[in-house]
Amino acid sequence: MARLTNQLVAWANLGYRMATHVLLRMPARDVGALRDRERYLAAVRPEGFLPLLPEERAMFPATMRCVHCGLCALASPDVRSAWDEAWTFVAGPSRALDRARAVAASTGAAATDPAAAAVCPMGVPIPHMAVTVARLAAAGEQQD
361 MARLTNQLVA WANLGYRMAT HVLLRMPARD VGALRDRERY LAAVRPEGFL PLLPEERAMF
421 PATMRCVHCG LCALASPDVR SAWDEAWTFV AGPSRALDRA RAVAASTGAA ATDPAAAAVC
481 PMGVPIPHMA VTVARLAAAG EQQD
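First residue of the sequence shown: 361, per my numbering; consecutive thereafter.
There could be a bad hint or two in this list.
To be verified - Derived Cβ-Cβ restraints for the label pairs, each shown as a range:
id, residue 1, residue 2, range
1, 481, 378, 55 to 61 Å
2, 371, 412, 19 to 25 Å
3, 495, 403, 19 to 25 Å
4, 403, 475, 39 to 45 Å
5, 414, 382, 25 to 31 Å
6, 401, 491, 19 to 25 Å
7, 401, 478, 36 to 42 Å
Think of the hints as simulated: they come from the structure by calculation, not from any bench. Quick reminder that beta carbons are idealized off the backbone N, C-alpha and C, glycines included.
Model the full assembly from the supplied sequences, consistent with the hints where possible.
Here it is, written out as structure tokens:
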């Protein structure tokens, strides 16, 4: 009987310790995630990087499907240079604010032309990407 009592006490102690461990870590986990995000943003903001919104991150795989066939340039000749700038901005190694401003300047009304996106055989969302780059450039100007 004493052995059974000792086992029950051990199991109760283990259950209590496990429950307190889980409950004590729950708030710390949320605060830690917030602290990590703040630390990340503090590290990248001085360099001029801006985080992408979730819908912009979801657009990224569609952007990478571009094979540079040139059909968008045939449909709307002003799109090609703007598209090249925007594509290298999104997929390239640097998303600095000065580069975003240059890309936004080159992506005018021609980049949002739906004819260019309509003829794309890969289904690249050219107008959405131009809007994304313009948003990043505008956010960067507000940050300065």
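Is the gap between the beta carbons of residue 371 and residue 412 within 19 to 25 Å? Cβ of residue 371 to Cβ of residue 412: about 49 Å, so the range 19 to 25 Å is violated.
Can the suggested window of 55 to 61 Å be confirmed for the beta-carbon pair residue 481 and residue 378? This hint holds: roughly 57 Å between Cβ atoms.
Is 19 to 25 Å a correct range for the gap between the Cβ atoms of residue 401 and residue 491? At 23 Å between Cβs, range holds.
For the range 36 to 42 Å, tell me whether the beta carbons of residue 401 and residue 478 fit it or not. Since residue 401 and residue 478 have Cβ atoms about 37 Å apart, the given range 36 to 42 Å holds.
Is the distance from the Cβ of residue 495 to the Cβ of residue 403 consistent with 19 to 25 Å? Holds: the Cβ-Cβ distance is about 22 Å, inside 19 to 25 Å.
Given the range 25 to 31 Å, decide if the beta-carbon distance of residue 414 to residue 382 lies inside it. holds, 29 Å
Can the suggested window of 39 to 45 Å be confirmed for the beta-carbon pair residue 403 and residue 475? holds, 41 Å
Checked against the numbered hints listed earlier, the structure breaks hint 2 alone; every other hint is satisfied.
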